[in-house]
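> What the sequence shown shows, in my numbering, is residues 36 to 151, in sequence order.
Please keep in mind that the hints were generated in silico from the structure rather than gathered at the bench. Idealized CB from N, CA, C, for every residue including glycine. Where hints are given, some of them may not hold.
What the hints assert, rightly or not - Listed next, the in silico EDC-like pairs over lysine to aspartate or glutamate satisfying Cα-Cα at most 20 Å (straight line): (1) K90 to D120; (2) K143 to E106; (3) K90 to E115; (4) K143 to E109; (5) K90 to D136; (6) K143 to E105; (7) K90 to D123; (8) K90 to D63; (9) K143 to E79.
What the hints assert, rightly or not - Pairwise CB distance ranges, derived in the manner of DEER restraints: (10) E124 to N104: 30 to 40 Å; (11) A122 to S146: 12 to 22 Å; (12) D120 to E79: 15 to 25 Å.
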Amino acid sequence: MTTEIRKKGGEQRKLTRVSIPDHPQIFDAHSNVVVGQLVNLSTEGLMMMSPSAIKPGTLLQCRIPLRCNEEVIEIMIGVESLWCDGADESGVCWTGFHIIDISPQHHKMISTLIYD
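Starting from the given sequences, assemble the full structure and let the hints guide the process.
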């Protein structure tokens with residue numbers, strides 16, 4: 036578990052986040068298309084890497100398979116993109132999302148993953 040401070044547009048936030056080493060794919064829950072890969076996760080948001088930019092304000096309903104205690108669980112979340120750093124030299128875009136819709140059960144799963 037790592038604690039990160041991220042500064043965007045003069046805003047400073049401090050969140051407890053978990054880096055996700057295997058970078059599971061993030062799927063659009065409606066189309067089942069891969070939209071990116073999970074980089075890190077907190078109870079309030081996530082960072083995703085993807086081959087194309089996602090404009091701030093974009094809303095997505097996502098399905099994310101996560102490995103937790105030797106099993107794979109799928110969480111469903113609604114997210115809104117807050118920022119996007121354009122493609123770096125490797126062609127990867129980095130996008131930060133705020134979780135705006137999550138069931139209590141899936142929120143508890145994320146909390147368990149982060150704090151246990």
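> Now tell me if each hint is right for this structure.
Status of the hints after comparison with the structure:
{"no.": "1", "hint": "K90 to D120", "result": "holds (10 Å)"}
{"no.": "2", "hint": "K143 to E106", "result": "holds (16 Å)"}
{"no.": "3", "hint": "K90 to E115", "result": "holds (10 Å)"}
{"no.": "4", "hint": "K143 to E109", "result": "holds (13 Å)"}
{"no.": "5", "hint": "K90 to D136", "result": "holds (19 Å)"}
{"no.": "6", "hint": "K143 to E105", "result": "holds (17 Å)"}
{"no.": "7", "hint": "K90 to D123", "result": "holds (16 Å)"}
{"no.": "8", "hint": "K90 to D63", "result": "holds (16 Å)"}
{"no.": "9", "hint": "K143 to E79", "result": "holds (12 Å)"}
{"no.": "10", "hint": "E124 to N104: 30 to 40 Å", "result": "holds (37 Å)"}
{"no.": "11", "hint": "A122 to S146: 12 to 22 Å", "result": "violated (33 Å)"}
{"no.": "12", "hint": "D120 to E79: 15 to 25 Å", "result": "holds (19 Å)"}
Hint check: a violation occurs at hint 11 only; the rest are consistent with the structure.
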